[in-house]
Amino acid sequence: MTILGELALWIALPIGIWGAVAGFVGGRKERGDLVLSAEHSVYAVFFLLILASAGIITAFLTDRFDYWYVANYSNRELATFYKVSGLWAGQRGSLVFWALLLSLFSAAAVFTNRAKNREFMAYVVGVLLTISSFFLVVLLFADVNPFERLPFAPADGRGLNPQLQNYWMTIHPPTLYLGFTAFTIPFAFAVSALLTGKLDSRWIVITRRWILLSWFFLANGIVFGMRWAYEMLGWGGYWFWDPVENASLLPWLTATAFLHSIQIQENRGMLKVWNMGLVALTFLLTIFATFLTRSGLIESVHTFAENTRIAFIFLGFMGTIAGACVLLIAWRYPQLKSENQIQSFLSRESAFLFNNLILLGAAFTIMWGVLFPLISEGFTGQQMTVGPPFFERVNLPIGLALLALMGIGPVIAWRRASRRNLVKNFAMPIVVGVLVVGGLYVRGVHHGMALVTFGLSAFVMTIIIVEFVKGTKARASIEGEGHLLAFFHLVSRNRRRWGGYIVHVGVVMIFTAFAGAAFDREVVQTLDPGETISIESPFGHEYTLTYQGLSSPRGENLVRQAVALMTVEKNGRPIGSLTAEKRLYVKWEAPLTIVGIRQTLMEDLYLILENVNDLSGAFENEAQAQRATFEVQVNVLVEWIWYGGFIVTLGSIIGLWPSRGSTTTASRPQTGGKRPALAARS
Amino acid sequence: MGLIVGVTLVSAGVILFVMLPVLRGDWASLERSDDEVTEVDARKQAALRGLRDAEYDYRSGKIDQADYQILKSDLARKALEAMQEEAAAGNAANDGAPADQAEPANGGAGDRASENLEAEIARVRKGIAQGRTCSGCGHLNVKKSRFCTGCGGSLDGMATTAGPRESV
Chain X
70 MTILGELALW IALPIGIWGA VAGFVGGRKE RGDLVLSAEH SVYAVFFLLI
120 LASAGIITAF LTDRFDYWYV ANYSNRELAT FYKVSGLWAG QRGSLVFWAL
170 LLSLFSAAAV FTNRAKNREF MAYVVGVLLT ISSFFLVVLL FADVNPFERL
220 PFAPADGRGL NPQLQNYWMT IHPPTLYLGF TAFTIPFAFA VSALLTGKLD
270 SRWIVITRRW ILLSWFFLAN GIVFGMRWAY EMLGWGGYWF WDPVENASLL
320 PWLTATAFLH SIQIQENRGM LKVWNMGLVA LTFLLTIFAT FLTRSGLIES
370 VHTFAENTRI AFIFLGFMGT IAGACVLLIA WRYPQLKSEN QIQSFLSRES
420 AFLFNNLILL GAAFTIMWGV LFPLISEGFT GQQMTVGPPF FERVNLPIGL
470 ALLALMGIGP VIAWRRASRR NLVKNFAMPI VVGVLVVGGL YVRGVHHGMA
520 LVTFGLSAFV MTIIIVEFVK GTKARASIEG EGHLLAFFHL VSRNRRRWGG
570 YIVHVGVVMI FTAFAGAAFD REVVQTLDPG ETISIESPFG HEYTLTYQGL
620 SSPRGENLVR QAVALMTVEK NGRPIGSLTA EKRLYVKWEA PLTIVGIRQT
670 LMEDLYLILE NVNDLSGAFE NEAQAQRATF EVQVNVLVEW IWYGGFIVTL
720 GSIIGLWPSR GSTTTASRPQ TGGKRPALAA RS
Chain W
2 MGLIVGVTLV SAGVILFVML PVLRGDWASL ERSDDEVTEV DARKQAALRG
52 LRDAEYDYRS GKIDQADYQI LKSDLARKAL EAMQEEAAAG NAANDGAPAD
102 QAEPANGGAG DRASENLEAE IARVRKGIAQ GRTCSGCGHL NVKKSRFCTG
152 CGGSLDGMAT TAGPRESV
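Top to bottom, those sequences are chains X and W.
One point on numbering: in the numbering used here, the residue at position 31 of the first sequence is 100, and numbering is uninterrupted.
One point on numbering: in the numbering used here, the residue at position 55 of the second sequence is 56, and numbering is uninterrupted.
With the rest of the complex left out, here is chain X:
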């Protein structure tokens, strides 16, 4: 199976190249046979990449340490669970996984469009297979072949990085990769629209669900990554402005901008060039994120890179794509002119445009922060670090402006909103926001930025609730329906709009949680068994943790683990216990920290075993080796991030859900016909 997988990669490359050429030539020469062959190539590449991926997984499951990739990312004691996820544990397998997911979505796009949107499909297939072929060329010719053999077979492998030995490993990377690769489909349709000159809004209508699907996976992937970091990495937080975290945020930001700006094109025939630019930029950023994670160009906790040469190959590819897109847009510029103009500053178009500018501003400042260390190294020879203070300082006002626009956008009408109506509509939400700020201030919350965030969150939530109430009332009155049925029909008849509002609710909750971080508390203390550590919650109560000592059980694939047990009291009343660990894995020298978390809706009690004075002694359960240093944190409102993420998911699913008669539904395959007579085609 493994050798078959290796050969499948070699067969996939010429098939991919043939398919790409056949797609472009078939589209240009109107040769339906070539286009059909190209579409068959998409299915063939998908099949071959399944074989290649199965080959890699088989090599992991059968401990084939004669393969460099398996020897470096697995060992005999590694749980089967993680051996399967070895496919995306390192640079080499990840590139195969990326190509596999792209081929999966490509096959899905070709299959679902086999009987419709045919005028776009030749170039769509050409673009998709060009990108697949690029990844196959990298895999086979850039020293990153996952099937590379070692001259000998080691008795055991190096093992999987302990930080990756967590169940989130099987969820977070695939979800993000699904988001990255799904965006290739809208990009391919956009390029096809440029090449065919069919530049009305149909390419957007066709790809709307793909865009939302990609956004959905990206959003979930980012939230899953935050949860993993919070649970596992032991750094006492969920976001570190790590280069790869930032890289995953970039396409999400531009995709969010795109989701809003396409509505302007659909409704008002405006921003056509902007949308073409945004779809290309978002696609390039998905490649950039992949490249950053797997190129080794910038060091980060995620960068499991072993070969920096492919960094330059990726840069060349991205430059070529960017250049081609600029040329195509310039070529079609006369057809991309707006059909309308923004009539008033007070209009939804205007609010969406501001939203776009702010999201792009955030994306560019984050990208600057990511690339600055490289740029500074290029000029000065010294790499300067851009840390969280920069990102937080820059993104705080940007985030607040976005939050405000989330409230303003839904209330403003398309084209032109009157000041009188705006005042009427904003009066109550502003009053609620001010009351929340005042109430919190009176209760002792004096952090300026947090108060602004809480106030804006209350303002936005009020607007969304009022929107739902007014919409439901209007519907109930018009249709003579009961309010519950009217609410259901309101959402189900315009899922994109109301699903979007639900997404906004989730985002507001996440922003509120971010503001909660301003009130986090932490205490660091070294303890012997029996000693206590106390921390006061910003909500007024006090936690007391009593250190009970260390134990050293033995787990799967572990050399040793030292588990510290703490009993917890809240205002002197016992409420349970927490454990925190240091783990030492087979073949990995650095111990891993596992945190203990007690989660509640308003705050988390978070325990980190920072240091064990005599770790070797602790692993041997020695009585005198029990002294340890702990960090205890009270993290405020963190749970709201996860609930907010859930609501974002719910809103996205509502937006994604197909509605009756809303899509093109041609069902007869437009294939299988015979070559027309030449005279008929000329």
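Derived by calculation from the structure, the hints in this document are not laboratory data.
Here a beta-carbon is modelled for each residue, glycine too, at the ideal position from N, C-alpha and C.
Any given hint could be a false lead.
[Said to hold, decoys possible] Beta-carbon label-pair distances, calculated as ranges: (1) G3/W with Q617/X: 54 to 64 Å; (2) L21/W with V153/X: 26 to 36 Å; (3) M453/X with L4/W: 46 to 56 Å; (4) E40/W with Y402/X: 13 to 23 Å; (5) E658/X with G3/W: 51 to 61 Å; (6) V153/X with L4/W: 17 to 27 Å; (7) E40/W with T127/X: 42 to 52 Å; (8) G447/X with L4/W: 24 to 34 Å; (9) G266/X with L4/W: 42 to 52 Å; (10) T389/X with E40/W: 25 to 35 Å; (11) E40/W with E550/X: 29 to 39 Å.
[As the list claims (entries may be wrong)] Taking lysine-lysine pairs in the DSSO-like style, the calculated list, with each CA pair at most 27 Å apart, reads: (12) K406/X with K73/W; (13) K79/W with K493/X; (14) K79/W with K406/X; (15) K267/X with K406/X; (16) K267/X with K79/W; (17) K539/X with K493/X; (18) K98/X with K267/X; (19) K73/W with K539/X; (20) K73/W with K542/X; (21) K493/X with K542/X.
Dock chain W against chain X, hints included.
For chain W alone, coordinates are given in the frame of chain X:
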């Protein structure tokens, strides 16, 4: 030996599958089918969606009556233009095809969506025509209201005075 056979079979099968359309002369369609959304359809649907949203925006007090009238006539004109283009295209198609083979221009999925929107807009209009929306302040009143709960004005006789009741 088994491996060689396996690899040969996979390679041959894949190559045959990919090249079959070229060898047999099978063609994929490269044109839009009749039952898909056209550019005109897309414009019509956008205008109808705009009308629906404008009705809701007006009734929920986001836009003034004067703005609503301007907006509505602009969108109605666009929807009408699209419908006329569609009808003209349908007539042209009918002229060029035998009567029993000619398909109506509005038979596709896009038109089903348009019909849904049109039906919804008709319901909204009906609500306005029944006098529940105050012509004075735009407030939406419950069924059978005689006075506006927004401004206190009389709702009687609205059928002849309120602006939004004109047909779209």
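Please check whether E40/W and T127/X have a Cβ separation lying inside 42 to 52 Å. 50 Å Cβ-Cβ, so the 42 to 52 Å window holds.
Holds or violated: the 51 to 61 Å window for the beta-carbon distance between E658/X and G3/W? 43 Å, violated
Quick check on a hinted range of 25 to 35 Å for T389/X and E40/W, using CB atoms only. Roughly 31 Å apart at Cβ, these two residues keep to the hinted range, so it holds.
Between K406/X and K73/W, does the CA-CA distance stay at or below 27 Å? At roughly 24 Å apart (the allowed maximum being 27 Å), K73/W and K406/X satisfy the hint.
Can you let me know if the beta-carbon spacing of E40/W and Y402/X is within 13 to 23 Å? This hint holds: roughly 19 Å between Cβ atoms.
Go ahead and decide if the range 54 to 64 Å is satisfied by the Cβ distance of G3/W to Q617/X. With Cβ atoms ~60 Å apart, the hint holds.
Are the Cα positions of K493/X and K542/X separated by 27 Å at most? Holds - the C-alpha atoms of K542/X and K493/X are around 18 Å apart, at most 27 Å.
27 Å limit on alpha-carbon distance, applied to hinted pair K79/W and K406/X: Measuring from Cα to Cα gives roughly 18 Å; hence the hint holds.
Can you let me know if the beta-carbon spacing of E40/W and E550/X is within 29 to 39 Å? Holds, at about 35 Å.
Take a look at whether the Cβ-Cβ distance between G447/X and L4/W falls inside 24 to 34 Å. 48 Å, violated
Can you confirm whether the C-alpha distance between K79/W and K493/X stays at or below 27 Å? Violated, because 30 Å separates the two Cα atoms, which is more than 27 Å.
Mind checking the alpha carbons of K73/W and K539/X for me, to see if they're no more than 27 Å apart? 21 Å, holds
Checked against the numbered hints given earlier, this structure breaks hints 5, 8, 13; the rest are met.
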